[in-house]
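Peer 1: When the letters of the sequence shown are read in order and numbered with mature numbering (1 follows the signal peptide of the UniProt record, and there is no 0), they come out as residues -23 to -1, 1 to 331.
Check each hint, because a few of them may be wrong.
DSS-like mimics (lysine-lysine), calculated; alpha carbons at most 30 Å apart, straight line [unchecked claim]: (1) Lys196 with Lys101; (2) Lys314 with Lys253; (3) Lys253 with Lys85; (4) Lys234 with Lys196; (5) Lys85 with Lys14.
Source of the hints: derived by calculation from the structure; they are not laboratory data.
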Amino acid sequence: MNRALLVVCVSVVLTLSTPPVSASLALSPHELGMLQKGFLRRFGFPRVPDLSSPALPIPDHVWDIYEEASEDGEMDWIRHYYPKELFELNSGLLVSYNLSASVRNAAKEEVVRANLKIKLHQTKRPTRVSVYEVEQQHPEIRRLLDSKTIDVSDTSRPTQWVDLDVVAALRASRNDHDTVTLLIDHPDTIIYSSEPHSMSTLPLTRHQSLPLVVYSVMKEPSRVRRKRAAPTRRDRKKQRKQHHRHNATESGICQKKALYVDFEEIGWQEWILAPKSYEAGQCVGSCPHPLPAHLNATNHAIVQSLTNSLNPQVPPPCCVPTETTHLSILFLDVDNKIIIKNYPDMRVEACGCR
């Protein structure tokens, strides 16, 4: 019963071609709820994010990171944190970040990179910027994390983003504290031109001038499976050519066909920022005996196909995905934070008989 209903739901939202779903096939509230729950389980969310608070505009650097993540798929999670508190000191800024999401998932994830992105304004001479970790219980204790000399005298660029490596602060034992405090030392640098502010009452533009970007991966063994399954760009191109050649003459044989997913159809366009839709692909068709060479059948599938030809009670091999790739999704999570997540095995690249 549940399986049948889910198939009906998916058939409405996922189509065999790229045009959007017809309005005449609207989901009922019950069907939509079932489909949403299925996706939420896949995404690892307990509920749909609450967007009642004002959403921050997405900065250009976030889109650059998203494009990079979509291409290489090396990182499982990329989380963006903005300051929850900011104090101006004589020599710089003292900023604090709430890392609740990273703390909650510390047992399952490994932080591999963390960048404090600083938006610097033009100065007449090169300037040095340093960042220190400040002890929560002993603020007088400071540990240097990174320091760079930056030339921001280019008159064609009024502002410039600089990345400082703060991964050591994220890898250190947090002792269940979900806050990290950093001191940005910039005596000769204007980080953002505005009146002095403190705490979280920051102007929006200044609030976004100090994002902390944390890159993490799932601990083994899940990443081993994903890397092994991901084909190279050359492999995908070769596979597409093979399928185009065989599809023209063997329309009923196992092959990849289009399957289109549109997040707007399930009402999630407000919190799933990119992609708005994507081509998932699906495997359809038969696996007859003898199996064509281009189907990349396993030895077991070949034996099963032969056995099926002799004894029809033995089921034939199935047409299934043999190569899949990740999908990078840019979204707002339940804490209203900007997240980039790579989900493995979301797109079919090639099909075969198994």
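Peer 1: If a hint holds in the structure, say so; if it doesn't, say that too.
Peer 2: Cross-check of the supplied hints:
1. Simply put, Lys196 and Lys101 have alpha-carbon atoms about 46 Å apart, too far for the 30 Å limit, and the pair is violated.
2. Distance restraint check for Lys314 and Lys253: the Cα-Cα separation of roughly 18 Å lies within the 30 Å cut-off, and the hinted pair is therefore satisfied.
3. Among the hinted pairs, Lys253 with Lys85 is consistent with the structure: their alpha-carbon atoms are about 28 Å apart, no more than 30 Å.
4. The hinted pair formed by Lys234 and Lys196 fails the criterion: a straight-line CA distance of about 33 Å is larger than 30 Å.
5. Between Lys85 and Lys14 the alpha-carbon distance is near 23 Å, which keeps this suggested pair within the 30 Å criterion.
In summary, the structure is inconsistent with hints 1 and 4 from the numbered list given earlier, while agreeing with the others.
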